[in-house]
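Visitor: Here are the chains, one letter per residue:
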Amino acid sequence: MKGLLTKDFRIILVQKKLLILYFFVSVMLSFAMDSGFIVSYFPMIGLMLIISTISYDNHDNGMGFLMTMPVRPGDYAVAKYIFAVIGLFLTWAFAVVLQFISFFIQKTPFNGPEVFMDDFMILPVFFLIISIMIPVEFKFSSEKSKIVLFVLCGIVILIMIAGKGALGYIGSRFGINFEAMAAGLNTISPITVIFVLYAVCVVVVSISLICSIRIMQKKEF
Amino acid sequence: MIRLNNLRKDYKDFKLDVSMEVPDGRVTGLIGKNGAGKTTTIKAILGLIKTDGGEIEVFGKNPKDFTGEDKKQFGVALSDAGFPMILTIRDVISILKGFYEDFDEKDFMEKCKAQSLPFDKAIKDFSSGMKAKLRVITAMSHKASVLILDEPTAGLDVLARNDVLQMIRDYLGEDPDRSVIISSHISSDLEGLCDDIYMIDNGKIILHEDTDVLLGNYGLVKVGEEEYGSLDKKYILASQKDSYSYTCLTSEKQFYVENYPKAVVENAHIDDIIVLMLGGGNK
Numbered sequence: 001m002k003g004l005l006t007k008d009f010r011i012i013l014v015q016k017k018l019l020i021l022y023f024f025v026s027v028m029l030s031f032a033m034d035s036g037f038i039v040s041y042f043p044m045i046g047l048m049l050i051i052s053t054i055s056y057d058n059h060d061n062g063m064g065f066l067m068t069m070p071v072r073p074g075d076y077a078v079a080k081y082i083f084a085v086i087g088l089f090l091t092w093a094f095a096v097v098l099q100f101i102s103f104f105i106q107k108t109p110f111n112g113p114e115v116f117m118d119d120f121m122i123l124p125v126f127f128l129i130i131s132i133m134i135p136v137e138f139k140f141s142s143e144k145s146k147i148v149l150f151v152l153c154g155i156v157i158l159i160m161i162a163g164k165g166a167l168g169y170i171g172s173r174f175g176i177n178f179e180a181m182a183a184g185l186n187t188i189s190p191i192t193v194i195f196v197l198y199a200v201c202v203v204v205v206s207i208s209l210i211c212s213i214r215i216m217q218k219k220e221f
Numbered sequence: 222m223i224r225l226n227n228l229r230k231d232y233k234d235f236k237l238d239v240s241m242e243v244p245d246g247r248v249t250g251l252i253g254k255n256g257a258g259k260t261t262t263i264k265a266i267l268g269l270i271k272t273d274g275g276e277i278e279v280f281g282k283n284p285k286d287f288t289g290e291d292k293k294q295f296g297v298a299l300s301d302a303g304f305p306m307i308l309t310i311r312d313v314i315s316i317l318k319g320f321y322e323d324f325d326e327k328d329f330m331e332k333c334k335a336q337s338l339p340f341d342k343a344i345k346d347f348s349s350g351m352k353a354k355l356r357v358i359t360a361m362s363h364k365a366s367v368l369i370l371d372e373p374t375a376g377l378d379v380l381a382r383n384d385v386l387q388m389i390r391d392y393l394g395e396d397p398d399r400s401v402i403i404s405s406h407i408s409s410d411l412e413g414l415c416d417d418i419y420m421i422d423n424g425k426i427i428l429h430e431d432t433d434v435l436l437g438n439y440g441l442v443k444v445g446e447e448e449y450g451s452l453d454k455k456y457i458l459a460s461q462k463d464s465y466s467y468t469c470l471t472s473e474k475q476f477y478v479e480n481y482p483k484a485v486v487e488n489a490h491i492d493d494i495i496v497l498m499l500g501g502g503n504k
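Line by line, the protein sequences give chains A and P.
For what it's worth, my numbering labels the leading residue of the first sequence as 1, then goes sequentially.
For what it's worth, my numbering labels the leading residue of the second sequence as 222, then goes sequentially.
For the record, the hints were derived by calculation from the structure and aren't laboratory data.
It is possible that some hints are incorrect.
To be verified - In silico DSBU-like pairs for lysine-lysine, Cα to Cα no more than 30 Å straight-line:
#, chain 1, residue 1, chain 2, residue 2
1, P, K443, A, K2
2, A, K219, P, K327
3, P, K425, P, K462
4, A, K146, A, K164
5, A, K17, P, K334
6, P, K282, A, K2
7, A, K17, P, K318
8, A, K144, A, K16
9, P, K271, P, K254
10, P, K285, A, K144
11, P, K271, A, K218
12, P, K352, P, K271
13, A, K146, P, K345
14, P, K318, P, K352
15, P, K334, A, K2
16, P, K334, A, K139
17, P, K345, P, K327
18, A, K218, P, K293
19, P, K254, P, K483
20, P, K254, A, K219
21, P, K318, A, K219
22, P, K364, P, K293
23, P, K425, A, K2
24, P, K327, A, K2
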């Protein structure tokens with residue numbers, strides 16, 4: 001496990017020129033744009049780098065070689081999730097620090113708890129994205145996984161459009177005011193929302209991990 | 222001890238069905254054409270593929286039940302596979318330290334230096350020879366009791382091949398209980414290294430013999446067309462018709478030396494055996 005985490009860390013470190021570039025872009029963006037943007041931008045870069053480690057592992061039959069090391073296929077999946085969770089958290093934390101530095105330097109008035117709440121709601125979104133991307137990357141080759149993710153995005157958009165249409169139809173047919181219900185959600189305390197969001201996140205990541213372990217166990221190298 | 226008993230693996234266009242035994246402390250060669258089944262056999266031993274029948278036992282266990290601890294007994298070099306190519310040897314050192322408590326950093330670095338491998342250059346920028354040497358040095362880095370080397374010398378020039386083979390000999394010299402399974406399609410690599418050789422073709426073992434016996438008893442019998450008709454073929458394994466004569470592979474060359482004084486009997490090298498056994502020679 002330690003070897004796998006070291007490998008992933010080293011792969012990221014090798015791309016230090018890219019990291020430095022992203023760092024400067026992030027700093028500039030944090031000053032030039034809405035400060036909330038950086039908190040979404042930097043973890044997105046982290047997510048891409050984390051996924052790139054799977055592509056590097058797969059390249060040139062590398063996965064077969066990794067499986068000759070003292071790890072089982074399931075260990076590989078677990079190590080990748082640990083790396084992903086740590087990586088996303090660190091990039092998010094870095095972005096939050098950068099955001100607050102920009103507030104101080106630019107002397108922008110801000111409501112600390114409110115900004116924190118907004119920032120805390122962003123992180124689970126990345127955990128949910130990675131919960132889909134990792135098993136897809138494990139199951140399909142790097143090229144195929146891009147197609148699969150593209151198709152999945154399309155399906156999600158279609159479901160959203162169809163859902164919106166269905167809710168409109170149900171609302172008018174049965175006289176239910178969904179907009180008023182949605183407005184009612186705003187009365188729920190942000191802490192409750194965050195708690196629910198993180199609980200859902202833990203469940204989804206756990207299911208994703210179990211799927212990934214099974215994919216790796218069934219795989220031939 | 223590694224034991225394969227009618228181990229089967231069925232692909233759409235290829236079927237493997239092999240039986241072999243590798244006792245502890247032996248150097249066993251697996252030789253055959255490209256696509257003969259060498260890599261599939263090695264992958265089965267390592268548990269990298271699922272098998273479709275037969276038995277496989279590696280140190281008393283089925284490879285599918287290997288734990289991480291079990292895998293530490295192996296040092297593996299797969300052909301054209303290794304750590305991500307963007308990494309450097311310094312990165313590889315950190316990774317191997319994370320995988321193996323027995324990783325000998327000093328020895329690893331000395332071996333890399335002896336082979337003039339650069340520590341800070343990305344592996345993708347290495348020559349084929351350098352990559353092959355790194356794969357073998359990596360396999361030897363944690364004092365594994367079994368080395369499994371799949372085509373470690375493929376695509377290398379004669380000097381690089383010699384270096385790789387010498388590293389393997391040195392590794393064996395450090396501890397006589399160490400075993401090696403090495404696959405190659407270059408026979409001369411195996412002649413000077415292996416205790417016994419399995420010849421594989423089209424997914425089946427077609428010959429298994431001690432290297433000493435192969436080089437000592439096997440021979441080529443060259444006879445004219447007339448003599449060929451009257452030749453006792455009980456020790457002839459394969460024969461091939463040339464322009465005006467026949468070349469026959471025998472496992473008892475002395476028999477033909479003593480009984481056929483007109484026949485030309487020569488020592489057979491493994492390449493000759495491969496050509497006659499795998500090249501379509503018929504008895």
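Visitor: Failing hints, ascending?
Guide: 1, 2, 16, 19 and 23
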